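Take the sequences, apply the hints, and build the full model.
For the record, the sequence lines run as chains P, U and G.
Under my numbering, the first residue of the first sequence is numbered 1146, with each subsequent residue one higher.
Under my numbering, the first residue of the second sequence is numbered 1146, with each subsequent residue one higher.
Under my numbering, the first residue of the third sequence is numbered 1146, with each subsequent residue one higher.
Hint data in this document are derived by calculation from the structure and do not stem from the laboratory.
Since the structure is predicted, the reported quantities are computational estimates derived from the model, not experimental observations.
Zero decoy hints are in this set.
Now the in silico label distances, taken between C-beta atoms and shown as ranges: (1) 1264/G x 1237/U: 50 to 56 angstroms; (2) 1426/U x 1173/G: 25 to 31 angstroms; (3) 1417/P x 1488/G: 46 to 52 angstroms; (4) 1195/U x 1464/P: 41 to 47 angstroms.
All C-beta atoms in this analysis are idealised placements derived from N, C-alpha and C, irrespective of residue type, glycine included.
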Amino acid sequence: MQVSFTSADLLAITQPKEARGTTTETVRGIASLGTAGPGELSFLGNSKYRSEVAATRASVVLLPPDYDGAPRANQLFLLVDNPSVALARLCSRIEQLLWPKPAPGIHSSAQVAPGAKVAASATVGPLCIIEDGAVVGERTHLQGQVFVGRGAQIGDDCWLMPGVILAAECILRNRVRLQPGVVVGSDGFGYEFVGGRHEKTPQVGIVLIEDDVEIGANSTLDRARFSRTVVGEGTKIDNLVQVAHNVTIGRHVILCAQVGICGSTTFGDYAVVGGQAGIGGHLSIGSKAKIGGQAGVNFDVEPGTYVNGTPGIPYMLGQRLHVLHRRLPELFKRVDELEKLQAGR
Amino acid sequence: MQVSFTSADLLAITQPKEARGTTTETVRGIASLGTAGPGELSFLGNSKYRSEVAATRASVVLLPPDYDGAPRANQLFLLVDNPSVALARLCSRIEQLLWPKPAPGIHSSAQVAPGAKVAASATVGPLCIIEDGAVVGERTHLQGQVFVGRGAQIGDDCWLMPGVILAAECILRNRVRLQPGVVVGSDGFGYEFVGGRHEKTPQVGIVLIEDDVEIGANSTLDRARFSRTVVGEGTKIDNLVQVAHNVTIGRHVILCAQVGICGSTTFGDYAVVGGQAGIGGHLSIGSKAKIGGQAGVNFDVEPGTYVNGTPGIPYMLGQRLHVLHRRLPELFKRVDELEKLQAGR
Amino acid sequence: MQVSFTSADLLAITQPKEARGTTTETVRGIASLGTAGPGELSFLGNSKYRSEVAATRASVVLLPPDYDGAPRANQLFLLVDNPSVALARLCSRIEQLLWPKPAPGIHSSAQVAPGAKVAASATVGPLCIIEDGAVVGERTHLQGQVFVGRGAQIGDDCWLMPGVILAAECILRNRVRLQPGVVVGSDGFGYEFVGGRHEKTPQVGIVLIEDDVEIGANSTLDRARFSRTVVGEGTKIDNLVQVAHNVTIGRHVILCAQVGICGSTTFGDYAVVGGQAGIGGHLSIGSKAKIGGQAGVNFDVEPGTYVNGTPGIPYMLGQRLHVLHRRLPELFKRVDELEKLQAGR
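Printed below as a string of C-alpha cells:
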C-alpha cells in the first residue's frame, strides 16, 4: 500500500473541527493505537481505548471532538465529529488509489466472441473469455482471466475479479462484486441411481444474482436443475461458501465463510449464518433468523429466531445444555452416591 | 435459458399417450406447479402435489396417464407414462442447446506444447495450456483457461470446464467431467518436523480418476506422496471437497459438498458421505457405508452401517443421545430432588 | 510418473551400507510392501511392518542395517542407515524429474505491464498477468495463468502454481510456494449495517506472507481492513483454508484442510489446527496450542494446551464427556429406578 498523505492532505480529507499539534511525517499507513509508529495514522474509534491515546507513537491520530489531551512532539491530533467516519473517508481515498477506475476498452489479449455485446464504457482486462451471446453492461470491469459463458448477462457497474467464472446463461444484475475465483453456475449435484450407477440429472436452470450482491473468493453457486438459483439484492457472501441448486436467498442476507447450503432451501431477508454452518435441503429459514457458526440445521427456522449447535437447537437451550454437558461427570457421581445410599438401606 | 418450445415440439419430445387441451403459448421455462406461470411448463412428479395441478397457471403440464382433471383455457395437459422421465428428456434437449457439442480443434490462443498429443476430434478452447508430454483423448473438451500439466493424460469424451487445473502426470480416464475451478494433483500436505521447522516431504505420486467420475467446482484432490490417489469409476464428488494424498475412493461413491478426507483413507464402493463431514486419516470406510452431514469420523466404519455426529457414532445411538441430551436440564433437577429427599431422611 | 531407475542409479542415490541380491528390473514406481510388484521399490519405514518384507514382490527394498533376511530371486535389498531418509532422497530426485527447473524468461503469451519488474532469472509462464508496479524476484516461477496485481511484491525462489491470484500490493517473501488456485488478498468481509443495507467497509490493507510458507490449493487469505494480514515464517497451510482479514499467524504453524479463521485472531508460533476446525474472531491462540479437527473455538487458548469439540473444550475433559455422553441412556434409567424406589417408600 504505497500511500502517502501529508498533513495538508489529511486536513483536506477529514475536515477536522480542530487540529492540535503538527507533524513533519507523511502518513504511509494506518494502524491501531497500540501498534502504530511514526509515519502511521491511528484513531480512537471505541472509547474503551481512550487511555491508549497518550502512549501512541502514531504521527497522526483521529479523535472525537471532546478529547482533551495534548499531542507529543511531532504528532498531529485531528479532532473530528466521528473518527470512524473520518477513517472510512480516508480508506475510500486509499481504495481509489489501490484500484483506480480502469480505462474502458477490451484488452488485446481478451477472447471476445463476435456475438457478445460489451458496453463501450466497460473494461475487459487481459486474457478474459467472453462467449457468444453474452452481454456486459456499462462501466462493468472484468479484471483479468475472467470467463463469461455463452448467453450470460452482466449488468452495469459490476466488478469481476481475476479468475471469476460465470457459466452459460447466468445473470448478474447491477453493482455485483465477485471476488477472485468465484464460480457462478456450476452444475447442481443431482443424480438418479439407476442400475447400480448414478445417472446425471441435467442441470439446465441458471443462477440469478440481484443488485449489490458481493461474493467472496472461491465460493461456488450451482445452477438450478431448472428455473433459478437466486441470491437477493444486497446479500453478502464470504469466501468458500457453497450454495446448491435451486436455493433462494433473500435480500440483505449474510453468509459467513465456508457455509454450505443444500438444494432448494429458501432464506428470508436479513438472515445471518455464521461460519462453517451447514443448512439442509428443502428448508425454509425465516427472515432475520440467525444461525450460529458450525451449526447443523435440518429443520425449518422461524423468522427472527437464533439457532445453534449440531444438530441445531434454539440458542438459549443450547447455551444451557453446553453448561450442563460439562457437568456430566459430577452428575454420574451424584447418581452413584444415591445408589450406594439406596443399597445400604 | 433462451429456450422456446411450441406445443408441436413438446409433443415430439415427450410423445404423450394423450394430449388434453391446447395452448398458444410457447414454453420458455420450467417451474414447479405452485410457481409456474404462462409460458412455462410444469409437471406432476410426486403424487403428493396432485391437488396443485388444478390451480397451476403453467401453460403445459406433464401428468401421469391416470390423471383425470381437465385443463383450463389456453392450457395443455400431456399425459405420459412417467412425467419425471419426460421432463428429463426435455431437460436433455435443453442441455444440448445450452452446451452444444463444440467443433473440434485447438483455439488459436491456446498454448499447446509441441510434445503434447491432442486427438483430432478433441476441442481445446481459448487460453488453455497443455504442457509437454500431455495427452488429450478423442472428443474431449477443454473449455477455456484449462491447465494440463506435463505428462498428464486425459481419456476420451471428458469435459474440463473453465479454470480446471490438472497437474503433471495425473490421469483422467474416460467421460470424466470436472466442474470449474477443480484442482487435480496439488501436492499432498506432508512435512517432517526437523530442527524446529516443517520440512516438505516430496509428493511425487499422482491422482488417477477412473471412468465416469464427476467432480464439483473448486474441489481439490492431492497427488499421492508416491503411488496414487484414486477415485473409482462412477463416483460423484460435489463442490469444495478436499481429498488428501493417497486416499482411495471406490466406485459409485457420493461425496457431498465441503467434505474433507484425510490422507490414506480407503472407501468401499457405494459409500455416501453427507455435506461437511470430516473423515480422519488411515481409515477404512466400508462399502455402502453412510456418513451423516457434518459427522466427524475417526475410526473404521463397517460396510453398510450409518454413522453420524461428532465424534461419529452409530446413527440410532446418535438419535437417542440427541433426544436425551436435550433432557439434561430435567435430569439434573430429578437428581437434585432425589438428593434432597435423601438428605431429609 | 515416467521414472526409471536401474540398480546402479539406486546404489548411487541411496548409497547403501550393503546391497543384498540383484534384480534385472528397472524401478518405475514406489509402493508399500503389501502392494508393490515387480518393477517397484518398497521400504521398511516402520518396524511394525517387518514381517511383510519376506512376502513383498517389490524388485527393490530399502531396509534398516540390522535386517537379516535374504532377498528372493531377482530382488535387491539395499540396507541403509535410515530407509525413510533414503526414500526421501529418491523422492527428491523424482521431484526434480517431475518438475525440472524451468528456463528463465517471460513466455510470449504472458501479459506483463511495462511498469512491472521481473528478475532476469525468474520464469513467467504462459498466460500469466503481471500488473503495473509489481515485482518478481530472482528464480521465482509463475507457472501459468497466474495473476499478480498492481504493486504486489514476490521475493526470490517462490513458486506460484497455475491459477494462483495474488492481489494488488500483497507481499510474498522468499521461497513461498502457493498451490493451484490460491487467492491471496481478496477483500476482507466487512460491512456496516446502515439504513437497512450492508455498506462495504473498504479493505485497503494487504496480506504479507513470510519466508518458507506453503499454502494449499484453493485456499483464500483476505487482505486486512487496513495494515496487514500476516502469515509467519515456515507456516504450512493445507487446501481450502479460509484466513480472514487482519489475522496474524505466527511462525511454523500448521493449519489443516478446510480450517476457517475469523478476523483479527492471532496465533502463536508452532500452533497446530486440525481439519475443518473453526476459530472465532479477535482471539489469541497461544504458541504450541493444538486444536482438534472440527473443533469450534470461541475463547482464547493458552499456550501449549489442547482443545477439542464444539464448542471447544480442553481435550481431556472432552474425552471424558464423550464417554459419559454415550452412557446417558443408562444414567436416565438409573435415575428412573431411584425415583421408583423413593416413591415406593
